[in-house]
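Participant: Sequence:
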Amino acid sequence: MNTLSQLAAFGLFDARVPRYTSYPTAPQFAGGVGPQTFAKWIEAIPAHSSISLYVHVPFCRRLCWFCACRTQGTNSDDPVIAYANMLQAEIALLARHLPKGVTLSRLHWGGGTPTMLGPGLIRDLAGAILNVAPLAKGAEFSVEIDPNEIDEPRLDALTAAGMNRGSIGVQDFDPEIQKTIGRVQGFELTRDVVGIIRARGVSSLNADILFGLPHQTKAKISDSVAKLLSFSPDRVALYGYAHVPWMSKRQQMIPSDTMPTPQERLGLYEAAQALFLTHGYQEIGIDHFAKPTDAMAVAARTGHLRRNFQGYTDDVAQTLVGLGASSISKFPQGYAQNASGTSAHTQAIRDGHFSTHRGHVFAGEDLLRARIIEALMCDFRVERAELTGFGIATETVAAMLSKVAAAFDGVVVLDDVALSILPQGRPLARMIARGFDAYDQTKAQHSAAI
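With positions in the sequence shown counted from 1, the corresponding number in my numbering is that position plus 12.
Please note: incorrect hints may appear among the correct ones.
Unchecked claim - List time: in silico BS3-like cross-link candidates among lysine-lysine, alpha-carbon distance up to 25 Å:
(1) K239 / K149
(2) K232 / K191
(3) K149 / K303
(4) K191 / K149
(5) K303 / K230
(6) K261 / K303
(7) K112 / K52
(8) K232 / K149
(9) K261 / K191
Hints were generated in silico from the structure; no laboratory data involved.
None of the values given here were measured: they were computed from a predicted structure.
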């Protein structure tokens, strides 16, 4: 049986599975985690420790049709200004509960389009954050930058505030594809923005590119990857486009008959993968590539790679606090998510409390299963020795491993030391991880497995 037939036999081309940026996954979150719980979890952060902080800005000048993120379009700066002022109030609220001496190992601004903030708002927001929790030594401050929505004054404000990693969305440079997905962004414009980012001494550059887009072919994605490589990005996320028009109404603008088949999607990924590897990039997990000298590549080689809601990371902080509408926080105790709508979130902050409206408290086998899934997604391997500290009987753990190994016989190897996914089975990593998921996935509408 060849590799393609083997993958098909395991159901790769038909399955829909979580991306496992958390466990349990967000569709499993429920009520019972509210503002008071969130405040207690903040207060339980050890004094003088480091945490990660994510700030969500859910506004875009235009709504790209391919995007399924929680965003809203606006031609006016008024709602953006109002939202930025609300974020400062939320930061002040956080400060009332945050223990002394807490610093930031990671600060990330995402969206939406955080670069819609003008220079003054950037300075004010960054100042408010860093006044409450300054950047730790060696910290990373990253910002998602839309080349269509950035200029030199805004970049000056960001770099002055300490931004040392820029993240640029490319998607694809082909004009036909860009028109179909509602995201027109020329190669020359992107190249020029990369230039002015580099000119300001930003030490690292991320880029996102998608496979599985409408009208995409191996020749087109190869051309786009070649153009992207001309920027010499330090890290690249090669995400599979999730076509979920039943969930994201704007995706209904994209004709479904222009989409590649699941088998073609795999071919698109492999075409891009081959170019990154040929140019010396190290493959990271299921969908990232990095220069060998990049911190993420080092983390992958040394077993310190982790996975969170932003994807792969080398951050080892135990707590990730999310600010802004719909943001998700992770604590040692569980997950907490803010109200999704900007109006509900803003009203809660105005009323003097967090907007937390759902989440999950870790219990039972959650932490054990979470670590197994994370290890498989990061390293394609989980060692038995690291599964002994979760208070779960050795026999129970062994049964879990044996069940999944049997279900994926031929692409998974289980021995006395570890459960490992063989190279030819790596496209099945999300499906193999699902074998350790104890929650009901039948009602959740996840993206395609490839």
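Participant: Which constraints among the numbered hints does this structure fail? Numbers only, ascending.
Facilitator: 1, 4, 6 and 8
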